[in-house]
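Residue numbers (the working numbering), protein chains in the order written: chain A, 1 to 336; chain B, 1 to 614; chain C, 1 to 359.
Quick caveat, the hints were computed from the structure, so don't treat them as lab data.
Hints may contain errors.
Stated by the list, open to error - Short, incomplete list of chain B residues facing chain C, as computed with Cβ under 7 angstroms:
no., residue
1, 57
2, 64
3, 189
4, 193
5, 226
6, 246
7, 494
Stated by the list, open to error - Label-pair ranges, simulated between beta-carbon atoms:
no., chain 1, residue 1, chain 2, residue 2, range
8, B, 193, A, 287, 31 to 39 angstroms
9, A, 12, B, 425, 35 to 43 angstroms
10, B, 23, C, 126, 33 to 41 angstroms
11, A, 68, B, 395, 50 to 58 angstroms
Stated by the list, open to error - Okay, derived cross-link-like pairs now, EDC-like style, lysine to aspartate or glutamate, Cα gap no bigger than 16 angstroms in a straight line:
no., chain 1, residue 1, chain 2, residue 2
12, C, 334, C, 125
13, B, 55, C, 125
14, C, 167, C, 215
15, C, 352, B, 54
We treat Cβ as the ideally placed atom computed from N, Cα and C, and that holds for glycine.
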Amino acid sequence: MIRFDDIEVTFGEHIAIPKLNLEVEQGEFFTLLGPSGCGKTTALRTLAGFIEPSAGEIYIGGKAATKLPSEKRSVGMVFQNYALFPSMSVRENIAFGLKVRKTHRAETDRLVDEIAAQVELTSEQLAKNVSELSGGQQQRVAIARALVLKPRILLLDEPLSNLDAKLRVQLREQLKNLQRELGITTVYVTHDQEEALTMSDRIAVFNHGVVEQVGTPEEIYNRSATEFVATFVGAMNRLTGEFMQQLRHAGGSTLAPDKSSYLRLEKVALQEPAHGASVRLHGVIADRVYQGSHSTYTIDSHGSRIRALVPEGGALPLVAGAAATLYIDPSAVLQY
Amino acid sequence: MRNSSWRAMLRSPLVVIVLVVLVWFIATFLVLPNANLLISTFFPDGKLSFRALEKLISSERALKSLWHSFALAATLAVTVNVVGIFIVLVTDYFKIRGSRVLWLGYATTLIYGGIVLAAGYNFIYGKNGFITNAALNVFPDIDPNWFSGYFAVVVVMTLATTTNHMLFLGSSLAKIDYQTIEAARNMGASTWRILWRIVLPALRPMIFAVTVLTFLTGLGALTAPLVLGGTDFQTIAPMILTFSKSSGSRDLAALLAIILGLATIVLLAMMNRVEKSGTYFSVAKVATPLQKQPIRNPLANVLVHVAAYVLFVVYALPVLLIVLFSFLESTAISTGTITWDSFTLANYATVFGTPSVLKPFVVSVVYSALASLIVVLGMLFVARVFQKHRNPVTTLLEYLLHIPWILPTILIALALVMTFDRPNPLIGGQVLTGTTVLLLVAYVIVKIPFTLRLLKAAFASVPESLEDAARILGAGPLFTLRTVLVPLVLPTAAAITALNFNSLLDDYDTAVFLYHPLYEPLGLAIRASTEGENNLDAMSITFVYTVLLMIIMGFTMWLVYGRGGARGRRGVRRGTRRAGAGAGPGAAAAPVAVPVPAAAVATVSPAPTPAPRA
Amino acid sequence: MHKRTFKTASVATIILSTMVLASCASADAGSGEGQGGGDAGGTLIVYTNSNGDGRGEWVTAQAKEAGLDIEIVGLGGADLANRIVAEKNNPVGDVVFGLNNMFFETLKDEEAVTAYEPAWAAEVDQESGDPEDGAFWPLVEQAIVTVYDTNKVPAADAPTEVADLWKDAAYDGRYEVNTALGQATPQLVLAGLLAPYLDEDGDLGVSDKGWKQVEDYYAHGSPAEEGTDLYARMARGDVDFGVLPSSGITARDAEYGTVTGVISPADGVPYVTEQIAVIAGTPREAAAEEFIDWFGSAETQGAFAAEFASYPVNEKARGQALPEVVELIESLPKQDIDFALTRENIGAWVEKTELEYLP
């Protein structure tokens with residue numbers, strides 16, 4: 001559906017994206033993930049047609065689109081701050097694109113009502129001024145405005161970052177459901193790895209304008225291709241020095257001694273696992289943070305601080321200062 | 001990232017049309033006439049003459065006057081900020097009883113200025129002013145001349161130029177995120193600390209912009225020093241005025257004006273930089289509307305109230321006095337002996353008894369309205385192109401458009417008459433001298449810099465994502481401009497139109513050489529009825545005209561800033577709040593885009609001024 | 001559609017408003033030319049600096065009675081002269097009167113006025129106008145006098161020479177000096193000060209002694225206050241002496257209850273003569289000449305003198321002038337000022353004074 005082919009973007013002397021190759025499938029929820037300034041928004045704006053690449057070609061639906069102006073690319077976009085037109089009502093905002101196309105009035109009304117129902121905006125809200133709506137409602141207006149033209153592609157630029165945490169989680173699901181219903185190819189930009197993992201079909205992790213890994217959320221999380229991906233997505237224990245030696249000594253002899261080594265928190269068990277090979281290491285509980293469904297323990301062990309996630313309802317809790325045993329499967333250790 | 005590439009700029013037909021028209025206009029009406037005049041002035045025999053420079057350097061008086069102009073500008077930059085910020089704070093930030101009435105009092109400078117304003121203060125505090133007389137009765141040792149010189153000029157001009165703060169700083173204040181203030185209070189910050197560390201820093205870009213314009217106003221000061229400066233404190237503007245009227249000394253006038261112009265350019269460059277770096281948006285996700293702050297310390301509260309009302313009286317007195325004086329015999333005014341018998345309707349009878357007294361009003365209203373509309377409409381396109389495409393060409397064009405700020409109005413008018421007195425191919429072989437069009441052209445020209453500056457700032461405060469949004473929805477540049485951007489800058493555009501209209505209404509300097517004999521504008525009519533050796537009622541008649549002008553100007557401001565008294569102000573602010581409360585940071589900055597200030601004394605001074613800065 | 005509507009609307013607004021102005025402009029020009037060709041038909045544009053105090057209305061009304069349709073355009077002297085020179089390639093005005101000899105010398109020099117011998121040429125002293133070329137003709141004479149209120153300063157205490165004002169410390173700061181050197185009267189004062197000291201070897205044709213006079217004159221005077229009349233300042237006691245064109249005395253005495261005394265120096269006082277001329281290149285030359293014949297005639301000038309306390313140059317008209325005016329003018333000797341030379345130099349003199357001597 002979408003293909004970035006050797007795309008390069010420069011701003012004056014500065015090279016924002018050196019060479020980007022990506023492919024997004026039809027109907028896919030594709031996320032560009034990375035820290036701020038990594039080039040993900042630039043990639044999105046290039047796709048939208050706001051930025052002209054200095055080299056390379058963008059294909060949309062198999063056709064070269066690099067020279068197409070943004071309005072001819074059949075893309076809808078939701079901006080980080082929604083970019084709702086403050087001088088217009090909600091209905092006028094949604095109908096804006098239709099008005100540009102000189103859609104018949106009755107048809108416009110019908111399409112606006114239809115999309116409003118889909119994003120759960122009431123007719124009362126449609127009559128309001130955009131500034132009278134809450135943040136969540138504004139976001140829905142922005143989505144409706146982008147979708148009413150029935151674009152082939154929906155672009156979302158951090159659409160949840162302006163909302164408070166609880167609303168964010170709630171809207172995450174709604175957005176994903178809407179996308180699934182419509183089956184629209186979606187490119188989503190975020191710096192929030194949790195958002196990326198929960199919503200995406202596939203994720204491209206950006207760093208300094210370069211895609212470090214493209215894959216499903218599971219691949220990104222469990223088989224992080226690079227050190228950057230490993231540390232950026234999800235929490236990690238970094239294993240060093242004496243702890244590594246002990247680990248290798250205790251059974252992880254296949255691990256290379258001189259590489260950076262990481263271990264996910266949930267891969268550290270404090271109770272003997274029912275199955276699977278594991279090595280034991282000893283440590284002392286330094287701290288425990290209770291988080292409802294689970295607790296995070298911090299254990300000092302062989303000169304390293306190791307964090308472990310323990311689900312609620314186990315035989316623990318242990319208290320600070322108590323001795324603990326760590327059960328680690330060496331094959332879960334990621335080395336770069 | 002603003003797209004500044006050449007290709008992108010020239011790809012849009014709209015931009016190309018705007019640029020072509022603009023280049024034609026600048027070449028025809030700004031560069032060609034003024035270059036002609038300046039070349040014939042500085043190269044009298046085909047080679048450069050340093051006569052003017054030598055004369056200037058050897059004249060102690062000219063250098064002193066020049067120094068005074070700069071000193072005044074620098075002083076005003078400080079004093080106007082102190083008073084202006086105070087005014088904005090007591091009307092918009094602190095809980096002050098009767099703040100709406102205070103606002104009206106402070107706003108009086110919007111509807112009058114120039115000679116009448118200076119005279120008004122002189123009648124109160126001057127040598128024969130009634131405050132001075134009253135004080136002399138109690139303390140006979142006071143110097144009756146206490147209100148003159150540098151001190152008096154600074155006081156009067158400070159009060160007269162706070163208009164910028166009122167119009168533009170006030171609207172910036174309304175955009176401050178109230179949560180930042182709440183947060184600071186929560187951390188135990190005092191009222192003053194919040195003001196000093198939170199509120200004022202947030203206003204900094206606007207304060208800086210207002211300061212620059214205040215500085216320019218000070219540089220061009222004309223009437224206040226003439227009336228109140230005495231022999232010790234005269235500025236350069238009157239000298240420029242005298243010299244520009246004599247063909248032999250025009251090079252000196254131009255040189256002096258160019259020196260002030262260079263200062264203007266330096267400040268302009270600074271202003272451009274601030275605009276580039278300092279566009280301030282609230283960073284809050286959900287901005288909370290500003291609430292008025294009570295002053296907790298009872299003593300401070302009383303002091304601020306007292307200061308606010310004293311200032312109110314100081315502001316309102318001259319206006320009341322002018323209205324009162326318009327009903328007085330002129331001898332009673334000039335000799336300062338007012339009795340009940342002195343009251344008369346004769347001044348009004350004189351004005352309204354003049355044959356066709358109404359016609360100059362109509363002529364000026366039509367000219368001013370047309371000129372202010374044309375200039376705002378044209379600059380909407382130009383400012384948009386400049387703001388969107390930054391490259392050496394647009395930068396050059398932008399600086400060229402500031403020529404009217406750099407040359408005295410009189411020179412510009414003369415250059416126009418002399419250039420268009422023969423068929424000119426640039427305007428299709430037409431002759432403009434002696435037609436009604438030339439004055440309109442001149443009015444449009446002199447209002448360009450002010451209009452451009454403000455509109456550019458207004459466009460700058462519109463978040464770019466709005467344009468992107470419109471574009472991706474298929475809207476073309478014109479459709480976007482009309483439906484998305486113009487509604488957002490409309491409050492600013494309306495305010496500029498009103499300020500331009502008011503300032504052109506009684507223009508004299510531009511019109512004197514350009515007006516069509518059958519369409520005499522108001523400024524000329526006022527002069528005509530106040531000049532003449534036997535006309536002893538000149539001042540009274542000026543007062544009558546001032547009162548009439550105040551009514552028209554007041555009405556214009558009311559149209560823009562609020563129908564139904566202060567309601568409009570509230571409306572404006574409510575708009576901000578709504579936007580702030582809802583539409584997120586981008587939109588919050590937009591609806592009340594009345595940014596960067598006006599050189600308001602320049603724009604609303606009923607007296608003739610040599611340069612638009614005065 | 002929308003794009004076009006907006007574009008069309010905005011472009012139309014500008015074009016339309018410009019056309020409105022252009023059309024009424026060209027209509028005026030058209031009607032002017034059309035009727036101007038037919039002698040005295042069209043409205044004659046009369047430029048003057050002497051329209052204040054109801055003079056403009058009076059002239060318009062009287063001209064109408066005489067069958068002349070005129071429109072008075074009143075501007076200050078310097079502004080008016082500048083405007084006529086600037087417009088000389090495409091003149092707007094048809095005839096100009098009221099400016100003094102100095103301004104008219106400039107207009108003649110710039111070829112902005114054209115010679116015409118009026119019907120009343122024999123009734124005026126040619127010397128007061130332009131005896132060589134007859135480019136402009138004299139109407140009214142005025143003396144630029146130093147005045148005081150005899151109620152406050154007895155005539156016996158007043159100085160006999162104007163120069164005493166700055167030479168005698170008793171008058172220090174007690175006389176008003178007008179520093180607005182762009183205007184006509186202050187320029188004449190300056191010319192009068194310098195006239196006795198012309199010296200080809202001196203700076204700008206004036207001896208050092210002459211410049212010393214100027215320096216002292218401004219240094220010891222009290223600068224005029226913008227917007228405050230001289231007599232108001234005398235009434236308040238700010239100053240005792242000041243300069244005024246003689247035609248202004250009558251009205252002020254009536255208004256302020258003063259009895260004006262005039263310093264009459266032995267060398268005389270500067271006189272100015274207001275002139276009239278046809279503006280060069282006017283399409284309504286015939287009408288302009290007709291206006292000049294009428295306005296300068298003994299009858300019109302006599303009526304004008306009676307109405308506005310002027311002193312007409314036309315000898316036949318003098319009979320109708322106010323007796324006190326005639327008495328005053330005839331009591332004041334004329335200072336010998338070379339106006340042709342003055343005109344050539346006044347710009348430079350003003351500039352030097354402005355740069356070096358003004359307070």
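Structure versus earlier hints - violations, ascending order: The structure breaks hints 1, 2, 3, 4, 7, 10, 11 and 13; every other hint is satisfied.
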